[in-house]
Structure formats: structure tokens, C-alpha cells
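S.K.: If you want the building blocks of each chain, they are given just below.
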Amino acid sequence: MATAHSRTAARFMLSPAVVLLLGWMIIPLSMTIYFSFLRYNLLMPGMEEFAGFMNYRFFLTDPAFFAALANTILLVVGVLLITVIGGTLLALLLDQPVWGQGIVRILVIAPFFVMPTVSALVWKNMFMNPVNGLFAHMAKAVGLEPFDFLAQAPLFSIIIMVAWQWLPFATLILLTALQSLDREQIEASEIDGAGPFSRFFYIVLPHMARAITVVILIQTIFLLSVFAEILVTTNGGPGYASTNITYLVYAQSLLQFDVGGGSAGGIVAVILANIVAIFLMRMIGKNLEV
Amino acid sequence: MGTITLTKVTKSFGSTEVIPPLDLEINDGEFVVFVGPSGCGKSTLLRLIAGLEDVTSGVIEIDGRDATRIPPARRGLAMVFQSYALYPHMTVAKNIAFPLKMAGVDKKVADDKVAAAAKVLNLTDYLERRPGQLSGGQRQRVAIGRAIVREPEAFLFDEPLSNLDAALRVNMRLEISQLHQDLATTMIYVTHDQVEAMTMADKIVVLHAGHIEQVGSPLELYNNPANMFVAGFIGSPKMNFIGGETASAFGADTIGVRPEHFAIATEPTDGAWEATVDVSEHLGSDTFFHVHSGIGERLTIRSVGELGLKHGDKVYVTPDRSRIHRFDANGNTVASQR
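Those protein sequences? They're chains A and B, same order as listed.
Counting in the numbering used here, the first sequence runs from 1 upward without gaps.
Counting in the numbering used here, the second sequence runs from 1001 upward without gaps.
In case anyone wonders, no lab produced these hints; they're calculated from the structure.
Don't take every hint at face value.
Only some residues are given here: those of chain B computed to face chain A with a beta carbon under 8 angstroms [as the list claims (entries may be wrong)]:
1) 1076
2) 1078
3) 1089
4) 1103
5) 1105
6) 1229
Backbone N, C-alpha and C define an ideal beta-carbon position, used for all residues, glycine too.
Model the full structure from these sequences, guided by the hints.
M.R.: As C-alpha cells, then:
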């Protein structure tokens, strides 16, 4: 790829893919923007008219929006906390030489292969159900009143489900980071007099910093758009207690048939995601240097 | 004070015995080099002394105190690793200060010690850099600095120069020797390079398959090797071994003559072996000739200065009779008849 000729040829051959990808992104985005400026309700077909920023005004002043925003942030931060801390601890555990290490590692990764709707249904019906769930049985066994997770603490329950799904991913990435740590560095710190805790905080954790940022970045992208778990368990309720932005957009456009309002919500979500992305890229860019 | 005594120390990994029972005495202030081919157990021995591996049996005493079960940090030893093992996310200053920080030394005192170590090692201008921004030699010096600030009873070096290029290696060799002169602390140095061993050591320990083959000063090993292994390992180029009838004539199974203990001439002389030059290597100061001789052996011969012999030339080589080493069938040295 050195000569000017081969570079031109390369650009030429790349162009179909680039055009396709660009169109794939631009067309839905511009249509969403277009709809967001229309008064467009599926119950009143043929009545579309330009509405200016009305949809945005309604969406952004809706109390549901603030509840959903708070829920989204709680969901992302909660899951990140559980997966990063839990993943680090699990990775430390799995890094120890134990009998049957290979099988244990595969078992740990397993939840990642279960699709979100299935895992959410399993959690809802087999664990958290106040009558038949395992947790209810456990509570009854020790004489306690069963706790109705999805009614009493819907957001917390969803955080637990999503964290269970993402924990293997974090564990796996952090485990590989842990395994790439130079043995001699650990030995040097041992001779330098670092105990297990200072060794972890001064040597192991800084070494894993890069992997942790990667985990945070990738997970944030996916966690901002958690949807299936909410749809099959709480439907965003009770009230707006477990509605995030993604679910709110769905409710607006497909439950209330307000395509215009839903589109405005979608654009707001895109803008919020981009703000998060800018911060994350800054943070990661700093961490990925050197 | 840094005396280290090993008594009947053994090490096994599973059922493989890496180090059979071994005794060794290291005196205070000595520069001891463990040398041997790769896989001879020299690094394992060093790690046993450092406490990074547990001994299977036996006793390690440091300073007359039983250290066999003491964790590495409290043995009062400092180690320099082959890969330097610097902490990549810390600056040079923080790397050097790390052992002090772990020991809970006052920040002010630690800073002074780091500054002093940096001055000795010419690192003052680099204190704020990260290891990734340093050259190999500088990293090596940081690793040594991290060892110095602990003021250990003894320094342990695990092949510290093997990652450096040839020119830098010679420099660092001198620097470490100089450091030993200045600090007068016990140093144990592991290497597979016999040149490093010969140039730096007060005492060389030659290891082979976990056994100590011989312990002695560099010249002792050079002049009076205990067996064929030591004779072949110490000295460069390697000693020539000659068996068969030629050896029998000297009352031995094998005789060994170092390349530098041959005289080479183009005219026949008394007691000379006739030989033909295969390859000659001109180093300027010396010339190495690889010859095959009438007695059926290939020999390496070193001659001082330039000697214009080339492939196919007929030469006459005479071994220095007073410097012939004689070995019995087991490879052990036969007592001299001189």
C-alpha cells in the first residue's frame, strides 16, 4: 500500500462499504429527526403536520422523562459497579490454580450466552416470584415473609438481572488482563515488602486499569439501551419506577401511538449517549496512552 | 553483615529434583557468581535464597539467623530481575521509593534516599519519567536503584545483563563491579556467561544439573579445574579435549589444552603436532585458528597478534606441556605429576 496508485485503488475499493454503512446510519437517523418535528400520531392517520419543537418540549418537560433519566443512570452505574468490582474479585479467584479450572471458567462464562429475554424470565419466574420463586421459598424456610422483588424494588431487581448477564464478560476481560501481568513484577513487589493488599492496590490494579476502562466503555454502550429485561418483567412499572429512556421511547411511540413524541425521545437519547461517549472517550484516551 | 549459608538445601518440583542436597557458604562482602548452562538450577538456587521459592528441605541462614521460613521481604535481601520488573505505571522516583514506602519510611527520609541513589546511578534527570520512556541500560539502573535504597544485607542479581546489547553489557558490568567496590555489600550474581563470571566474581560457583561442580576464584577455576565440565565451561574459546593414544601418552583418558596454550609455527619443531588450517578468525588483537590435526582431532588455537595463515596452510602446533590438564575416565582431573 505504498504507492499513490495503490492507495487510490484501495480507497476506490473501500467506497462501496463506506457508502453502504453511511446510508445505513444516515437514513434512519434523518427520518427520526424528520418525524420528531411532526405531529404524527398513529390514531390520527393523514393528519401529520409540522409541529416545530413541540414534541421535544413535551418529552423534556414530562415528569416521566426525569424519572427515566434517573433510572437509566442508576441502571448503568449500578450494573457497572457490580460487574467491575465483582468481575475483579472473580478474576482474582479464577487466576488461582484450582482443580477443574477449565470447567469452572466455562461455567463462569455461561450466563453471557443466555439471551436477555430468557434470563429475565428465568429470574422473574424461578427466582423472584413471590409465590413460587426460589427466594420466596428460602424466605419461607427461615420463617420470613417472601419479598416481592419486582413490585417492591423493580429497578434493583432489573439491575441484578442485567449485572448477572454482564458479570461474565467483565470477569473474562479482567482475567486476561490479570494473566498478562508479569510474574517478575509480583515477585519484585514481594521482595520490596508489599503485602497482599498493597500488592493489589499498587501493582495489580494499575495494571488492570486499561482493561477496566474497556469494560466500562463497552458495557456503558449496551447498558444505555437495556430493553428486553424491562419488557418481559416489569413493563417499566410500577408507575415509572423501572422505566429507562429506551423503554420510555418505546412506550411513547408504540403504546401511546405517538410517533412524533417517540422520535423526539429517540433523538434526545442519541444526544445523551453522545455526551456519555465523549466523556468516556476522553477518559479512555487518557488511560490507553503509554 | 551479609553472610549466607546453605546447608543440605534441596528443591524438587513435583517428583523432579532440581537441586540435590547442596552446601554453600557465602562470606560477607563477597561477589559470588553462580554460573552454568541454562537449566542447571542457578536461577532456582537464587530464588531459594531470595525466598521466592520454598526449599524442599535444608536450612538457609542469613547473617547466622535461620531464614528458611522467613518471607522474602524480611530476609533483608534485594533482587534485580532479568526483565528488571519495574512498575510501569510509576515514575522512576516512585519505583525507587516503593520498597521504602512499603516499609513505612518517612516521606522526607525516603525522598533523600531516592535522590542519593539517583545521584550514584546518574538517574537524577530521569526521576519523573516512566520506565517505558527509558533505555535498557537506564531501566537496569532503576532496578539497581530500587535495590540500593533498601540497604540490604546482600544483593541478588538474576541475569541482569542478558537483555542488553553487547557494548552496554560491558559498561554495566563495570558499573556493577564499581558498585560492589563502593558498597562492599555481599552480591550474588547469576549468569550463563562465563566472561561475566570471570570478570566480576570474587568467587565463582559452577553449577551443572543442580550440582556444584566447583567453587573457587576465577583464576583457580581457570588454572585448576576440578573436572572436564568446569574445564570446558570456563575459558573462551573452549578448551580442546583430546582423547585416544595422545592422551594415553600423558597417562590420562582425556587431556585438555586451552587454545592459548598452544604455540603455532609454520616450520616443524620438536614435539609438535602437524595440522591443517580450516578457518582462521582475525580479531586484530588475537587470531583464532580452527585446525584439524594429524592426531585426528579438531583443535582451536589462539595466537596473539596477526598471523597471516589461511585455509589449507600446513602448521605445526605445540602444546605447553606444563599447562596440559589430564582427566580420568569419569572426567575428573588427575592429580598433576609435575
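S.K.: Run the structure past the numbered hints and jot down the numbers of the failing ones, going up.
M.R.: 1, 5, 6
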